[in-house]
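Undergrad: The lines below spell out each chain.
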Amino acid sequence: MEAIKTEGLTKCYGKNRGITNLNLSVNEGEFFGFIGPNGAGKSTTIRTLLGLINATEGTARVLGQTIGTGKPEILSRIGYMPSEAMFYNGMRVRDCLRFSADLRKKDCREEAERLCQRLELDTTRKVSELSLGNRKKVSIVCALQHKPDLYILDEPTSGLDPLIQKEFFSLLQERNKEGATVFFSSHVLSEVQNYCGRAAVIKEGRLIACDKIENLRNTSAKRVSLRFLPGSPEIPQPSAENLLQAGGFSPKDIADIRKTDDSLSFLYNGEVNTLLKYLASLSLADINIDEPDLEEVFLHYYEKGDDTQ
Amino acid sequence: MTLMKHEMKLGRTALIIWTLAIGLMLAVCVLIYPEMKSEMDSMTAMFSSMGAFTAAFGMDRINFGEFTGFYSVECGNIIGLGGAFFAALLGISALAKEEKDHTAEFLLTHPLKRRDVVTGKLCSILAQILLLNLMVFLLVVASVLAIGEKIDWTPLFLLHLSNAILQLETALICFGISAFLKRGSLGIGMGVAMIFYFLNLVANITDSLEFLKYFTPFSYTEGADILADNHLNAPFLTIGIICTLIGGIAAYVKYCRKDIA
Chain A
-16 MEAIKTEGLT
-6 KCYGKNRGIT
4 NLNLSVNEGE
14 FFGFIGPNGA
24 GKSTTIRTLL
34 GLINATEGTA
44 RVLGQTIGTG
54 KPEILSRIGY
64 MPSEAMFYNG
74 MRVRDCLRFS
84 ADLRKKDCRE
94 EAERLCQRLE
104 LDTTRKVSEL
114 SLGNRKKVSI
124 VCALQHKPDL
134 YILDEPTSGL
144 DPLIQKEFFS
154 LLQERNKEGA
164 TVFFSSHVLS
174 EVQNYCGRAA
184 VIKEGRLIAC
194 DKIENLRNTS
204 AKRVSLRFLP
214 GSPEIPQPSA
224 ENLLQAGGFS
234 PKDIADIRKT
244 DDSLSFLYNG
254 EVNTLLKYLA
264 SLSLADINID
274 EPDLEEVFLH
284 YYEKGDDTQ
Chain B
11 MTLMKHEMKL
21 GRTALIIWTL
31 AIGLMLAVCV
41 LIYPEMKSEM
51 DSMTAMFSSM
61 GAFTAAFGMD
71 RINFGEFTGF
81 YSVECGNIIG
91 LGGAFFAALL
101 GISALAKEEK
111 DHTAEFLLTH
121 PLKRRDVVTG
131 KLCSILAQIL
141 LLNLMVFLLV
151 VASVLAIGEK
161 IDWTPLFLLH
171 LSNAILQLET
181 ALICFGISAF
191 LKRGSLGIGM
201 GVAMIFYFLN
211 LVANITDSLE
221 FLKYFTPFSY
231 TEGADILADN
241 HLNAPFLTIG
251 IICTLIGGIA
261 AYVKYCRKDI
271 A
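Top line first, the protein sequences correspond to chains A and B. Just so it is clear: in the first sequence, position 117 is 100 by our numbering, and no numbers are missing. Convert by adding 10 to the 1-based position in the second sequence; the result is the number in our numbering.
Among these hints, one or two may not hold up.
27 angstroms max Cα-Cα, derived DSSO-like pairs, lysine-lysine [unchecked claim]:
1) Lys107/B x Lys(-12)/A
2) Lys88/A x Lys15/B
3) Lys47/B x Lys54/A
4) Lys88/A x Lys107/B
5) Lys(-12)/A x Lys(-2)/A
6) Lys(-2)/A x Lys264/B
7) Lys130/A x Lys264/B
8) Lys109/A x Lys264/B
9) Lys242/A x Lys(-2)/A
10) Lys235/A x Lys195/A
It is worth saying that the hints were derived from the structure and are not from the lab.
With the hints as constraints, model all of the structure from the sequences given.
TA: Below, the structure is given as structure tokens:
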């Protein structure tokens, strides 16, 4: 069964684009990543699913129920972490946690305490005095303490230090093993790669890819960065224009060429041997062949998107 | 219930401060009355000969020589204006502050129906207004007893009751408005209270603009009328109650469908 299923989900803000015709499907028990740059529509999607905002068109079902504003039957089974963790001024951490549990009509004190210990969160502090990272921790406990069936997390790791991030993901993995579904948005590719089984990529309000992580990565190109030896005129440095010709690459193999005085970098998606032969002909000081960063994965999908248009 | 309790807790300090401010000012007014009483005859003459100013506060129709006359003017301004501001701020911020402070995302992702959120907030507003008026009234009664003045309690009670209703009306109108706001705007709340107050002043001063009384809740808290009639003005009160209901209903209708910023 599907934990989240959207059909043609669209949200417009006046004339501004929110999300357009989004068809997304997340199965129960999945650890699902939702990737996109800022402003792509990740938060809009999540807020629509939660019933904070109304869809302009399309439908969606969460945990088998049709979404809508203020639906207790859905919300009681969700743990949500907003991207900006804000709480009521003047309240202490433990009051916030208790308030959240009371609103759910559940006694979560034991679980809350366990979570606070693992996340090293001092419950006697006032929330207004907390740093962003510590407020995030409060948000995590609020989302996890009632042991929901579905976790919807909007950029949960921003502001958390690496150790806590690791602890946070191991908590999520435990919950996932117990059968809960995790759906989280991020613009950090590595965390999506490390923890998710599947991921969707959203760009300008549209879903441009949705697949297993391995498949998403396999289709992505490599970032090749070259730094040339200074003053070796016998081997001419290729310019951005003649790179294709010099290496004998086909145009679709090369993308996003960046050139400075002594360096050249480009995305490569072609035959490895062709690239190696070309590189051997150059006089190089340094070379780097990397997984592309997230923007470049997007770039890859953007271009793919353009091809089909 | 949880939400109402939470709201009351958040508003506790403000409620205490407003209660003390209004209550103590009224108490002071009451306590200085014996001092002023001996000079009241000349003061009545003075107050009733200040032209438009006199009319604005209804002082042409009031006998300052009597405690209730004196109190209705003082009371009308202190609890009227103070209470209206308190109620307006309460009403305008209840829903909108959640979005302004980004706590709406926290609150509204808990298993609550939107209408339960509105109800919880509304109940806390009503409770806070009732508490304020009760405490203020008790303070006033205590000070009246302290100065040993023999007075007619009915108009005193009616004055306070009408002001409590005025506060409910102002709060609910602001509450209704706040459901439409994206960001909390205390200014709008203050503006509503001020406009109500000045509409009444203008209506008192200018005979041709007397119809403005229908647009302000201060019309049914007018001390001079209450003292003269010994009951509240039914038409003004009816309009007030209708506006109160409209404010409440608007809040429910809008907020249950609202896109939360």
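Undergrad: Look at each hint and say if it fits the structure.
TA: Hint check results:
Of the supplied pair hints, the one linking Lys107/B and Lys(-12)/A is violated, its CA atoms being roughly 33 angstroms apart against a limit of 27 angstroms. For a cut-off of 27 angstroms, the pair hint linking Lys88/A to Lys15/B stands: about 14 angstroms separates their Cα positions. About 62 angstroms separates the Cα atoms of Lys47/B and Lys54/A, which puts this hinted pair outside 27 angstroms; it is violated. In summary, the hint linking Lys88/A to Lys107/B is supported, as the alpha carbons are separated by about 24 angstroms, within the 27 angstroms threshold.
Between Lys(-12)/A and Lys(-2)/A the alpha-carbon distance is near 26 angstroms, which keeps this suggested pair within the 27 angstroms criterion. Taken as a hint, the Lys(-2)/A and Lys264/B pair is honoured in the structure, with Cα atoms around 21 angstroms apart against an allowance of 27 angstroms. Straight-line distance between C-alpha atoms of Lys130/A and Lys264/B comes to about 32 angstroms, which puts the hinted pair past the 27 angstroms bound. About 33 angstroms separates the Cα atoms of Lys109/A and Lys264/B, which puts this hinted pair outside 27 angstroms; it is violated.
Taking the CA atoms of Lys242/A and Lys(-2)/A, the gap is near 38 angstroms; set against the 27 angstroms cutoff, the hint is violated. In summary, the hint linking Lys235/A to Lys195/A is supported, as the alpha carbons are separated by about 24 angstroms, within the 27 angstroms threshold.
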